[in-house]
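Assemble the dimeric complex from its two separately framed chains, guided by the hints.
Chain by chain, the residues run as shown.
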Amino acid sequence: MIEIKNLTFSYLNPDGTQKSEVPQLSRVNLEIYPGEFVLVCGPTGSGKSTFLKALNGLAPSFTGGVISGQLLINGIDYLGHEPHSFANLIGYVNQQPEGAFVADTVLDEIVYSAEQLAMPEEQIAIRVNWLSNLLNLEHLLDKSLVNLSGGQQQRVAIAAALISGAKILLLDEPTSALDLDGATEVLAILKKLANEESVTILLAEHRISRVLGSVDSVLVVHGDGSVTKGKPEDQFNDARFAPPIIELGQRLGWKPLAISNAEANKRWIEAPANFEKLGVNQPHDLVLKAEDLVVSFGTVQALKSCSFELFGNQITALMGDNGSGKSSLCWALQGSGTRTSGVVSVLGQDPKELSPQARLSLLAMVPQRAADLLFLQSLADELHESDEYAEVPPGTTASNFQKLAGRIDTSMHPRDLSAGQQLALVLSLQLVKDAPVLILDEPTRGLDYAAKRALAKQLKNLRTTNRSILLATHDIEFVAMVADRVLSLVDGNLVSDESPIDALGAGSSRASQIAEITATPGLITIEQVKQ
Amino acid sequence: MQRTKRFHLLSAGRTHPGAWWIAGISLALSASLSSNIFVLLGISAVAMLTVKLCRDESPWARSIRFYLVLGLIVVALRVIFRIFFNLADAQSGILLNLPSVEIDLGFGNSLHLLGAVSTLSMNAALLDGLRLAAIILAIGMANSLANPRKLLRATPGALYEIAAAISIAINLAPQLITSLNRVRRSRGLRGSSKGVKAISGIVIPVLEDTIEQSMQLAASMSARGFGRRETHTKSVLITRITTFLALTFIVAGVAMLLISNSTQLVDLSVLIIGFVFAFISFKLSSGRVIRTQYIVLPWRSGDAVLLSLSAAVIMSAFGGLFSR
Chain U
20 MIEIKNLTFS YLNPDGTQKS EVPQLSRVNL EIYPGEFVLV CGPTGSGKST
70 FLKALNGLAP SFTGGVISGQ LLINGIDYLG HEPHSFANLI GYVNQQPEGA
120 FVADTVLDEI VYSAEQLAMP EEQIAIRVNW LSNLLNLEHL LDKSLVNLSG
170 GQQQRVAIAA ALISGAKILL LDEPTSALDL DGATEVLAIL KKLANEESVT
220 ILLAEHRISR VLGSVDSVLV VHGDGSVTKG KPEDQFNDAR FAPPIIELGQ
270 RLGWKPLAIS NAEANKRWIE APANFEKLGV NQPHDLVLKA EDLVVSFGTV
320 QALKSCSFEL FGNQITALMG DNGSGKSSLC WALQGSGTRT SGVVSVLGQD
370 PKELSPQARL SLLAMVPQRA ADLLFLQSLA DELHESDEYA EVPPGTTASN
420 FQKLAGRIDT SMHPRDLSAG QQLALVLSLQ LVKDAPVLIL DEPTRGLDYA
470 AKRALAKQLK NLRTTNRSIL LATHDIEFVA MVADRVLSLV DGNLVSDESP
520 IDALGAGSSR ASQIAEITAT PGLITIEQVK Q
Chain B
142 MQRTKRFHLL SAGRTHPGAW WIAGISLALS ASLSSNIFVL LGISAVAMLT
192 VKLCRDESPW ARSIRFYLVL GLIVVALRVI FRIFFNLADA QSGILLNLPS
242 VEIDLGFGNS LHLLGAVSTL SMNAALLDGL RLAAIILAIG MANSLANPRK
292 LLRATPGALY EIAAAISIAI NLAPQLITSL NRVRRSRGLR GSSKGVKAIS
342 GIVIPVLEDT IEQSMQLAAS MSARGFGRRE THTKSVLITR ITTFLALTFI
392 VAGVAMLLIS NSTQLVDLSV LIIGFVFAFI SFKLSSGRVI RTQYIVLPWR
442 SGDAVLLSLS AAVIMSAFGG LFSR
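Residue numbers (our numbering), protein chains in the order written: chain U, 20 to 550; chain B, 142 to 465.
Bound conformation, chain B alone (with noise of 0.2 Å):
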């Protein structure tokens, strides 16, 4: 394959993979913030060049291709709608005007489906389509650019049992689909049977599969060491508590921002709130020395770019909605 020119500096195996994820959901939130279809095409085009950029050659970095497509069904889907349920408004300009349908719903009430379709409405369902389609693109970006395993190794301690658990589906996913195609294969020999038999004869020894593989893996980590019982058992509660209000503020507090569409002194004493009880849980839980963590990911040059960019849009996003 022909290399081509490469930023080597935010090459996705260099860089923190916590730094594409910010930059991800900046990119992400600003496009939520945006009313304008130039804004939201630009921000689309920002995450899918940072990938042809920054990507190496691991497996997630071919999802990206997956995002675009479902990006642009989220579009076609939303103007098709708007398209069938029609909201009448003949006020303003007539783009298409189809053959409407009423369809009689009984108790009085009918439904309203095609007829004449306004350019106001398609270019609020143009809107709205290409804003959900910039925000799955931008988590696409970080998906698609940070090493999910990498990611893992820097969770914090209080997250640990949720990050091994993610950290063994990771594992089990690609083996999954080698033994399906492995016993696709051997099915093949024998012949395909029809109906359930041919559902079974492939389901059977895959499943078979997986859960000794599964098996396996968590009789290694067994063997390994993990799931040593810790020894302050309150403390590990309180800090657990801990963190599930972090996560219930912050991710209420993220929800009311995003819905409300303005900012309100409540939705960000919430956010505020959560990020304290964050603040507290990380500091609890890298008290209790339980594990080393001998690989430590260090922040480079490269990642402080990414940081200040991703700081720069998230500003420049909350100066528009301000400035409206």
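Just chain U, with the same shape it has in the complex (with noise of 0.2 Å):
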């Protein structure tokens, strides 16, 4: 049982004093009952991973800033303490297990809080043995955790959470930088606690359809300092992070709203709305064209022989689950990545042959950190830097951002701008030379549904006669938002080449979640349904 009692937080300037007006956290109020589910959510930047690590001492710990209130945890006042001090009542698994891993076999690194709590051996043994039979990890135990799947990984990162008896679980984020496969394999081990041993669960996810059915109830930080609590089907009025579901129940006036996918079938096949054909966009002239294209590294063959041609006026998504090559493909086309064999034209140029700076009127990549190009002290540096170096007039790549983001102050920080901000001003940085070819490599982590609404009319608006864009992406909601057409990738191998409606449409086994609720051909975005 976890009662919150008046809890504030806020971060602090250097100088003490309070970073913004309205605390990260204000005077929030909440219980939290034993062997409950719960879905943490709310928009991009709300302070969702603040209020996990409040509840469990990391912030103000390891965040700075200053906390007051009350902490009762089984009716004991844990507030001000450092995590250390009750890890055997929460554990923790953070967006990167291979960023907080402490070991280098699993079985060491699930031993490791029991062994940093003392407890006593035989205890360890049967509490070991109960978890890799819970978690399906026996015959991983020896391992060597750089060779596990992202989705092992994070199994682990679970095991070794739970090991020092804790019935307290906070997930942040676990399943954001897995794909499809590990996603779901994480995705069923959480219901499995919650459901078999009653371990209490607070979970922070962008992917809410897949959970959406198995939560017991859904906490919203909001962003503006309150935190509310409530049943899945009324905690959405907010649309920025609404998933699919709950915005198709408010678009055709469902009441209650479905919140699973059999319910939302069932409503659906009773009442069925019309919805509009998507859209074909016609494609254009050829612009790039890759012939036998093999990458390998070492003796590992990333890409096997891929052939392919974009045309302009097209957004092309490459689809593949991770380590399917979908990265080294794109840096092979840019040019500055390995490219083993084959033939990349582009207009009848080979980027691998130029220059960077005469490739960016060719070709444009973001690559998956965007904030990894970003590296002056204000965006009007930024931009000044980028003119001067493509050698275009001043202002030009401004006035680029300006169409992408809208108008933002230029004194402050790049680091400061919010994640689909930073993403604008890199489209804007790497566009400077109208490339007629912009290659993204995952754009979407971290984005919550608004922000990748705005990122899906942002490349709309840069998909021009004489343009391709290629997507390489495992997020399925977006590519139906916004592809023209979708490439799969699988092993190395480029396996199909379809329309969106074909490759995402009821009965595929990328889905999206309306085509798997409506189960109707040629309806996969909630943009098509009319109200």
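What the hints contain is simulated information worked out from the structure, not anything from laboratory work.
Each residue gets a CB set at the ideal place from its N, CA and C atoms; glycine is no exception.
Among the hints, a few may not be true.
[Stated by the list, open to error] Some chain U residues close to chain B (C-beta under 10 Å, calculated; not the full set):
| hint | residue |
| --- | --- |
| 1 | Asn75 |
| 2 | Gly99 |
| 3 | Pro102 |
| 4 | Ser104 |
| 5 | Ala122 |
| 6 | Glu140 |
| 7 | Leu379 |
| 8 | Asp391 |
[Said to hold, decoys possible] Restraint ranges, calculated between C-beta atoms of paired labels, are given here:
| hint | chain 1 | residue 1 | chain 2 | residue 2 | range |
| --- | --- | --- | --- | --- | --- |
| 9 | B | Thr319 | U | Val509 | 22 to 32 Å |
| 10 | U | Asp304 | B | Arg203 | 45 to 55 Å |
| 11 | U | Ser374 | B | Thr389 | 50 to 60 Å |
| 12 | B | Thr389 | U | Asp435 | 46 to 56 Å |
| 13 | B | Asn322 | U | Asp428 | 53 to 63 Å |
| 14 | U | Lys38 | B | Arg206 | 41 to 51 Å |
| 15 | B | Thr319 | U | Gln269 | 37 to 47 Å |
| 16 | B | Glu353 | U | Asp369 | 53 to 63 Å |
| 17 | U | Asp428 | B | Ile382 | 53 to 63 Å |
| 18 | U | Glu546 | B | Thr319 | 50 to 60 Å |
| 19 | U | Asn152 | B | Lys375 | 37 to 47 Å |
Here it is as structure tokens:
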């Protein structure tokens, strides 16, 4: 049982004043019952992580800031205690398991917490046995952590968080770095822990649609300091983070809203709505041609002989699981990555043979971590540097940026921009020379639905008759929103080249949530559904 | 990769990392006591061959190449320095007759460079260089074969805090390289700027990454119970003091033993006092139950073989010293 009373938390400036006028968390009062499965949501940057960290003492211990109020766990107030002093009550799992691993083999990692807390050896043995059964880790115990898949790594992290006897588990976006299979694997484990072992779970998650059907309640961190908790169907008035299933219900006026796919499917069959056919975007001239592209690193073949063409006025999604070769393909096309053999030609030129500067007028690329490209102290400096480097008239980059992101104070530090704004900035820096090919590698990581919609709109604006956009991602809902064509990559082989309707439609292994609910051919996004 | 015949008994994965360090140190010790070029060459060859036969696929197993290069540089530097700063000893056979250079340093002093190089001085330079190279290779062998994380697991409780700090550093080093590569590649997309901007463009994101990663790791350790306050603070203090004394005496003892190049009673007794302190501190620290050690590394038959070989190496080295 967790009781939170009058919890207030603010970040501080270096001079000791509050960072913003409104505290990150302001007078929060709520209770979480033993065995409750709580989904924590809210718009990007609203403070979901801070809220979870406040519950186990990581905030303010590791984040800085001031906290007040009461945090009662089984009746004892732990507010202001160091995280290690109640590590036996609360387990914590974060986004990137590999960054939080302490040991190098699975067993060492799992028992770490029990060793720190001086649990007797016999008891550790019993709990290791129990957890490895529960999380299907028996055959992995002596494996090295770096050789595991993302889903397996997160399962190890969950076992490691529970070994010390904790009955409360905090998870901060545990699936954000995983592909579909990995995410499904982790979420299935969480359901099992909640149902069979009555572990209290607080899960912050972007892939809301995948878990909404199994949670007991939804807790929303609104971003204005308030936090509310209630039934899933009552918590999504804020469209910034509402998943497609909720949007569908809202659009069709369902009362109460359906929260599981099965329920929504029943409602749809009772009263199906009309929908628009997905507009077909006519492709223009050939822009990029890749023939027999092979990428190998040592003995590992990341990409096995791929051939395809990209056309103007077209957004092509490149889909595939983690490790299927998406990133290798992007970097090989761009020219600075490894290309073992094959031919790439952009309007008759091979990007590999050009200088980085000349490449910018042919190909623009946004890498997985867009912020890596930003290194100056202010937005104005970044925009100026870009004009100077590309030798274009001053103000070119700034006007591109304004078209994408609107008017933003240019004295801001680039790191203080939101994730969506940073992406827009990098897009405008990279497109300063109006390159005919734009490649984006996994652009939607960490973006909420509103930011994804904004990005989709930007990409549609950037899709011009002589520009082709290639989007490497495993974000199904985003592809449904934006793509004209879907390429699928499996183990380094291009296995299909389809329209989004075929790739993401009902019955496909990558069906979008709307397609799953409606099971209607030709319907894949909420935007198609008429009110 | 083709796997050649390996000594399974002594493969790196099955052997206690402590045993490899004892073997490495005993080789280094006998190298430091030896003044025979063939013995030194032999020790270097043994170290290299052991790594080649026993190593596994871990990243640090490849570090022996680095130690080999370092050893060769040391030998070359020794010889070159001896040729440059030549102490004229014309009594013995001249190996190389170079023109000599006199540099007047003022105050009536002058520096003598180059000149006739005798066989004797070359011999001494080569011996000095080889001795250092053999020590470097022996330590390199231990480092290439002993998994540092496993070694840290085996550290006694008294050194726990130090071991934890080192293990964080070990965890972060590969991450630092990964983020350096990632940022460099990403920066190439925007085109490379010149001068300070180019450096800050890489350093700023990498530093940010590293700090973020280390905070994340520290947070994860804390959330999992690391850093619990120990209750008997007085006994902790006593343990720390004895550990400190033990380390000081052992280091001083070894240094005296090596510098004086002979076995004197004082040096040995300093070393023995150090070992006594070490014993007391280990006893004290293992008495406190603050953490459990669930996975204890076993000492196997392979380790026994290594330890007895090490003992033989040390005994023969000292034996050679006494019989001289």
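We went through each hint and held it up to the structure:
1. A cut of 10 Å between beta carbons decides the hint on Asn75 of chain U: the least distance to chain B is about 6 Å, and the hint holds.
2. Look at Gly99 of chain U: its Cβ only gets to about 14 Å from chain B, farther than 10 Å, so that hint breaks.
3. For Pro102 of chain U, the suggested interface contact is upheld, since its CB lies about 4 Å from the closest CB of chain B, less than 10 Å.
4. For the restraint placing Ser104 of chain U at the interface with chain B, the shortest Cβ-Cβ distance is roughly 7 Å, inside the 10 Å limit, so the hint holds.
5. Hint status for Ala122 of chain U: holds, given a least beta-carbon distance of 7 Å to chain B, under 10 Å.
6. The restraint placing Glu140 of chain U at the interface with chain B holds, with a minimum CB-CB distance near 6 Å, inside the 10 Å limit.
7. Given the 10 Å rule on beta carbons, the hint for Leu379 of chain U holds: about 6 Å separates it from the nearest Cβ of chain B.
8. A hinted interface residue such as Asp391 of chain U counts as satisfied when its beta carbon comes closer than 10 Å to some beta carbon of chain B; here the least separation is about 4 Å, so the hint holds.
9. For the hinted restraint 22 to 32 Å between Thr319 of chain B and Val509 of chain U, the CB-CB distance of approximately 26 Å keeps it satisfied.
10. Range check, Asp304 of chain U to Arg203 of chain B: about 50 Å between beta-carbon atoms, so the 45 to 55 Å window is met.
11. Hint check: Ser374 of chain U to Thr389 of chain B, Cβ distance near 58 Å, so the stated range 50 to 60 Å holds.
12. The supplied range of 46 to 56 Å is met by Thr389 of chain B and Asp435 of chain U, whose beta-carbon atoms lie about 50 Å from each other.
13. Remark: the range hint 53 to 63 Å for Asn322 of chain B to Asp428 of chain U is contradicted by a beta-carbon distance near 34 Å.
14. Separated by about 50 Å at the C-beta atoms, Lys38 of chain U and Arg206 of chain B satisfy the suggested range of 41 to 51 Å.
15. Roughly 43 Å separates the CB atoms of Thr319 of chain B and Gln269 of chain U, a value that falls within the hinted 37 to 47 Å.
16. Separated by about 37 Å at the C-beta atoms, Glu353 of chain B and Asp369 of chain U break the suggested range of 53 to 63 Å.
17. A C-beta distance of roughly 58 Å is found between Asp428 of chain U and Ile382 of chain B, which places it inside the suggested range of 53 to 63 Å.
18. The given range of 50 to 60 Å is broken by Glu546 of chain U and Thr319 of chain B, whose C-beta atoms sit roughly 39 Å from each other.
19. Distance hint check for Asn152 of chain U and Lys375 of chain B: the Cβ-Cβ separation is about 43 Å, which falls inside the suggested range of 37 to 47 Å.
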